[in-house]
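As given, the protein sequences belong to chains C and L, one line each in that order. Sequential numbering from 1 applies to the first sequence in the numbering used here. Sequential numbering from 1 applies to the second sequence in the numbering used here.
It should be emphasised that the hints constitute simulated quantities derived from the structure, not laboratory data. All figures in this text were calculated on a predicted structure; none of them were measured in a lab. Glycine included, C-beta positions come from ideal geometry on N, C-alpha and C.
The calculated label-pair distances, taken between Cβ atoms and stated as ranges, are:
| # | chain 1 | residue 1 | chain 2 | residue 2 | range |
| --- | --- | --- | --- | --- | --- |
| 1 | L | Leu121 | C | Asn136 | 26 to 32 Å |
| 2 | C | Ala21 | L | Asp253 | 56 to 62 Å |
| 3 | C | Gly106 | L | Ala233 | 29 to 35 Å |
| 4 | C | Gly106 | L | Ser275 | 50 to 56 Å |
| 5 | L | Gly398 | C | Ala21 | 44 to 50 Å |
| 6 | L | Ala16 | C | Asn136 | 51 to 57 Å |
| 7 | C | Glu86 | L | Arg77 | 56 to 62 Å |
| 8 | C | Pro27 | L | Leu121 | 22 to 28 Å |
| 9 | L | Met1 | C | Arg28 | 27 to 33 Å |
| 10 | L | Trp42 | C | Glu86 | 47 to 53 Å |
| 11 | L | Trp225 | C | Glu51 | 32 to 38 Å |
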Amino acid sequence: MKALRFAAQLVLYVPLMAILAYFSTEPRFSMVAPDEALVRVSFIHATQRREACRERSAEELAKLAPNMRASQDCPRERSPLLVELELDGKLVLRREVQPSGLRHDGNVAVYQRMALPAGRHRIVARLRDRAQGEFNYAKDETLELAGGRVLIIDFNAARGGFEFLI
Amino acid sequence: MRHLGALAYLLFWMLAGSGLYLYLRFDTSAAGAYTSIGELEWWFGGVLRSVHRYAADAFVLVTIIHLIRELWLGRFRGWRAFTWISGVPLVWLLYASGLVGYWLVWDTRSQFSFLATLEWLGLAARAGQAPDRLFSLFVFLHIGLPLALLAGMWVHVQRLGQPKTSPPPAAAFAFIGMVVALALLHPAASEPQWDPVRASQNVAVDWFYQFIHPLMYATSPAFVWVFLLGITALLLLTPYLGRKPRLLPAQVDPQNCNGCGRCVADCPYEAVILSGRKASVFPERCAACGICAGACPSSTPFRSLRELVSGIELPDLTMQDLRSKLQAALRSGSTELVFRCEKLKGNGGIALRCLAMLPPAFIEYALRNGARRVRAIGCAGECAYRLGMALSEERFTGRREPHLRATVRTERHDHEYSFVLR
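Turn these sequences into a full structure, and let the hints steer you where they fit.
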């Protein structure tokens, strides 16, 4: 009887072990085919204020409570961000993103992922972070993208704008 | 299979124990995490790491089977609704704990899972290496979320009397042995180190936790949200879909309740409390199993009252009904009497809501009034009311009040008891 119970336990535990061992790593998964590369646009940026700050007059300052007398009046709302991405002359991304927050005074987060065939590609990225006017940041570069690699398109205004990391 | 919930508890403690050692050896920085895991000695730290991994996977497997089994057995309505509903968020907490745990390794699998999760949540991250501050957040989450899970597991069993949070020793040792054997035979290994410009290819996905990432890439983040929130909503609403008519809950007769608290101790669903030195029933928690009536010292047929009223009993199956049926059977000249759980198929004998509804005094009463043998038959497998067989066993063998007196000899064969006078 004990041997039977032991055998029954084995019947239960061996398949359980096999299931755990197999599905903890297999089957393997690939996001892109071996002959494809990935472009990942991923950045966070605080856009310019929608309206410029203005100096408060002496009368205005006098009306404010002493602890609130900031010399400038800066509306909180930020501009929407417009971003475009062109691959080999074809526009593949154009998106206007509102700043986060109830008052639209937070950062703008942009994320986009796209696969493309490995090889040489001309990549143009443009961005506008003010309310009006033309794009104020752009980067145009031709890159060799190997299969299985990722081109990260980052944006950092303090470092001059777009950065292509490969 | 009936110990799945207790096995989940065991796996949690295995994870906590192995995780504690791993945390001591772990470098909680983005730069040092991967290396510190690689430096674990294979014969101890390496084994514990594998145990941590496989225990986490087994936790998911055991939890999902537990959920499906309870659903299959219809254990989610009425008095079980609280336990069912409180279990649903635990699945989310379990998955969140496990997913964050994978990020700590900081290999390409972490990269795959972290970026997929960000995309699923609609968030973006700065490119390149993660700052240590973010890594500290991972560590905080991987400790905080399991603690929240533990708190949730505690809440989950609050409406269960005598909850089983540890499996029988044999099952526990077998399960621990299985996980350790798996850790030795198939040690967990890291993937290559995080590389932001390397696409996730040929990733060793842990399908127990990370199945949502390939699902999202095959569909969309919105689909995964709808899928998971839909399942969650369905599980939360399940107790209220197609409700069955409920049996009448137990009632207390204050004149006959002496406030001994046996019904409180024996109720499998924490439906009875002592209030003002008298028992009090929460009707919505009551399963109407009658176990409380079987525990009540006033449920004895030897009482000379014309109308037997117990301190606590079921309005539609009173102790007076039971005594009348017993007396009728004895008057008909039956020398062998059978009490049986009404969940058993077939007819014959005196049916009880649960075997533990039978006060042991009824057995002695039958034997002293003409019956040569009394049989009591409970559920063949798992008791429909959790504790019926266990409580009956303790009462019949004199280990629990109200106990069967020593003048009666008891024999047990599987789920059937046989009683004769000594």
